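Take the given structure of chain Y and dock chain B to it, following the hints.
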Amino acid sequence: MANAETALKEATTVIDGALGAALVDYTSGMALGAIGGGKDLDLTVAAAGNTDVVRAKVRTMEMLGLQDDIEDILITLGTQYHLIRLLKGRGANGLFLYLALDKNRANLAMARHQLKKIESELEV
Amino acid sequence: MRRALRQRAERRQLMTAEPYVLGELRRLRARVPQLTGALAASVDGLVLAQDTGEVEPEGVAALTAAALGVAVRLSDATGRGGFRELLVRGEHGYVATYAAGGAAVLTLLAEPRVNVGRLHLEGRRSGARIAELVDGALERPDLTP
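So the protein lines, in turn, are chains Y and B.
Quick note, the first sequence lines up with residues 1 to 124 if you use the numbering used here.
Quick note, the second sequence lines up with residues 1 to 145 if you use the numbering used here.
Simulated from the structure, these hints should not be mistaken for lab results.
Some clues are possibly wrong.
Derived SDA-like pairs (lysine to any residue); straight-line CA-CA distance at most 20 Å [claimed, not checked]: (1) Y:88 x Y:112; (2) Y:39 x B:120; (3) Y:39 x B:122; (4) Y:57 x Y:69; (5) Y:57 x B:34; (6) Y:39 x B:121; (7) Y:103 x Y:37.
In this text the structure is predicted, and so the values were computed from the model without any measurement.
Excised from the complex, chain Y in its bound form (with noise of 0.2 Å):
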């Protein structure tokens, strides 16, 4: 089991092409833990931000009807990919994990089972 700052530790040194993480707490969306980012990316904004993203998944999800939940959220862009996997098991609702990575280092099938792996292991 890993703590907060291990995990994303190790998302952002084990998945190739990672350039940020951070744990959020999408009920405030304030960021629990954030490690990298830097002038390029601020994890502070991307907290804030994609905790409207998951709030307005949840909100549609309830809209159809569908009982079911968000594994995780995949958003593509020009020359990034953003990661959202929502934590599930005891004391961990309403977080989710956000990782940005860079298109042409990373492998996105692998970085999103890594990240289900972190996520597995994660205890907050």
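What follows is chain B alone, placed relative to chain Y:
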């Protein structure tokens, strides 16, 4: 007496910024739909511009000034430097106050489901913009009648 006169003159100068500050508050409320009110006040508790709906702005401005007094001292006494922001979470929502230069503050009222991360981002940005407007008004005494 002279001090009172100077304060009154300053207040008049501050009020010249009112339409611009009100415009900023309206834009802010459009950007963050979970806001239920926005108010810019001078640090001594006078309303500069407000869009607070049902809440009485004079009372909020006066309470903001009182809370600000404590917050400034608390931040200073614990070595945290000048005042930047203040967040209060009640059962039915948030009250957030952001510094807007040396003469003014921005107070926002929000629903409990607001995205606090976004509230901070927009509140800080708006506070900086209001600071420019207010400081601009204070530097142009010739414009006051």
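Going down the list of hints, with the structure as the test:
For the hint pairing residue 88 of chain Y with residue 112 of chain Y, the CA-to-CA distance comes to about 16 Å; that is within 20 Å, so the pair holds. Taken as a hint, the residue 39 of chain Y and residue 120 of chain B pair is honoured in the structure, with Cα atoms around 18 Å apart against an allowance of 20 Å. Proposed proximity of residue 39 of chain Y and residue 122 of chain B is supported: the alpha carbons are some 18 Å apart, at most 20 Å. Between residue 57 of chain Y and residue 69 of chain Y, the direct Cα distance comes to roughly 10 Å. Compliance with the 20 Å bound is thereby established for this hinted pair.
Restraint check: the Cα-Cα separation between residue 57 of chain Y and residue 34 of chain B comes to about 18 Å, which is no more than 20 Å; the hinted pair holds. A hinted pair counts as satisfied when its Cα atoms are at most 20 Å apart, and residue 39 of chain Y with residue 121 of chain B qualifies at roughly 16 Å. For the hint pairing residue 103 of chain Y with residue 37 of chain Y, the CA-to-CA distance comes to about 15 Å; that is within 20 Å, so the pair holds.
In the structure shown, no violation is registered for any of the earlier numbered hints.
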